[in-house]
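Q: In case you want the letters, here they are:
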Amino acid sequence: MKPAISVLLLTTLIGAGQGLFLAYYSAEWLLLLNILPATQGDYGGEAAGLSFLLLAAGLAASFFHLGHPQRAWRAAAMWRTSWLSREVIALPVAMALILAYALMKLTQNDPVVFSLGSGIPLTLSMLAGFGAVLAVATLFVCTAMIYACLKFLRQWHSPLTVLNFLLMGCASGFTLATALAALSEDTRFDYFSGMAIMLTLAALLSRYASLSRNRRLRSPSSLQSAIGVHHPRIRQLAQGAMGGSFNTRAFIHGYGAALLRLVRRGFILLAFVAPVVLLLAAHPATPSIFVIAFALQYLGLLAERWYFFIEAEHPQNIYYQMIS
Amino acid sequence: MTQLALVIDLNTCVGCHACVTSCKEWNTSGEAGPMVDRNPYGAEPTGTFFNRVQSFEVGEFPHTQTVHFPKSCLHCEDPPCVPVCPTGASYKRPEDGIVLVDYDKCIGCEYCSWACPYGAREIDEQQKVMKKCTLCVDRIYDESLPEQERKPVCVLSCPTSARIYGDIHDPESEAARAINESGGYQLMPEWSTSPANHYLPRRKVNIAIHEEDLQRADNPLRKEDRGPRAPTTRTTLDDSTSW
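If you're matching them up, the sequences are chains F and E in order. For the first sequence, the numbering used here assigns the number 1 to the initial residue and increments by one for each residue that follows. For the second sequence, the numbering used here assigns the number 325 to the initial residue and increments by one for each residue that follows.
Source of the hints: derived by calculation from the structure; they are not laboratory data. Treat the hints loosely; a few may be bogus.
Mimicking DSSO-like on lysine-lysine, the simulated pairs with C-alpha atoms at most 30 Å apart in a straight line are [what the hints assert, rightly or not]:
hint: 1; chain 1: E; residue 1: Lys-452; chain 2: E; residue 2: Lys-528
hint: 2; chain 1: F; residue 1: Lys-2; chain 2: E; residue 2: Lys-416
hint: 3; chain 1: F; residue 1: Lys-151; chain 2: E; residue 2: Lys-452
hint: 4; chain 1: E; residue 1: Lys-416; chain 2: E; residue 2: Lys-429
hint: 5; chain 1: E; residue 1: Lys-475; chain 2: F; residue 2: Lys-2
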């Protein structure tokens, strides 16, 4: 498959945005339950605002993928059958709830709704945040299932796709949270950076599993089954178009094996190895290192998503082996 | 339930592309708007087509055969492109099984083309909507046409009658008979999309030629015996004419 830039931006931006929200929201719960020490300045509202902006930027990028962006609202219609339609619903719902959470935090207009058994006050923003967590989880599944549900694209058709999207989104979000905590001298820094390291390593493991799975895949389709002629030697003479067609432009990437190897090694280094090394080595007193860690990881994840598209071999390519 | 479809005989297709050009002509002139081209007369011509003929060489020289393979939407009975469409623009008609795209609802997200293992869908670069074979849905029900012309235009234009059109669920139809009696098969059956369009395989045709057939032994007039006389020494007018 040929990578679509807008889709690369959409999936990586909303992944980081969702992870960032989960980082700050989970930290707030841990604070509430006295597992994390109290912090002097709470930037949860600002962080949720940034998460909202990342999701909005992803949504904006997705419009560039459409031939008719003005009809995008129609895409919510077929949620019963289409994962893309479900994503189109889950994304604005998550954005709205995260925005509500951020606004309540920022304006400090956050009434206590009720108290939990042991006297823990539960505010309206915490409830909105809980809804946002559900929406974010749904969004992760919907985004990944858009790819994982296509059974002909066997490299995508695996539960590992869903796990990868979830872990990579959370990893980049927690790395961003680490950078924000370092910038704002937040005491939750250790929680964020520890989680970022663990999630990044888990994402590396899961992505490596899918890479080795894909290496072993063999297509059940062949030129023989594609045209129904059962002879071991078939050669294409003409594909019915001289200057290429949508089929050759959209599905055949034409990049060499050397470049793909370079990108594969590059994204493993940038998205997984470099952030973990920087997170382990740097001291919270130097916040710029963490901003660099996030920037490297984001670039790495963009390359990872590019490679994710390249990896998927569409069976229709069998019909387009030679131009003449 | 009716399932209209094409049955394409690879044994008789000669690869003349008449179905390709007539398909383009009919569908580009229709009310759905043009199927646009880029560089139509330039070095790298490309454009939207609902139907293409590909050619394959089977075997090893000198024992080869050229197989011409017309390729269009197969109107799957379980079309994978339909459930993935987020807007419902892509749909399968329950009454006749034709898979269609509503160009007014299509947002051009290309997701359906990812879901089609055959690569039967193409985005129109000018109109930015997904297009594909409609089985000439604007012809086959048109009562202003004579009844024998209410067929997809590729079927009408095929000079070797390699394309058969009909309801494959009606065992008495020409299409269903061709499938059942001539070994009709589906493309890429491993994906269980159950394509409605079928293909008829190449068949070996042997003709026994007997000596007496060449000698016209059964000719009652024995015209061979009354041929021109042996040439004389001079050239005559008779030499330049034949009887």
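Q: What are the numbers of the hints that this structure violates, sorted from low to high?
A: Hints 1 and 5 contradicted; others consistent.
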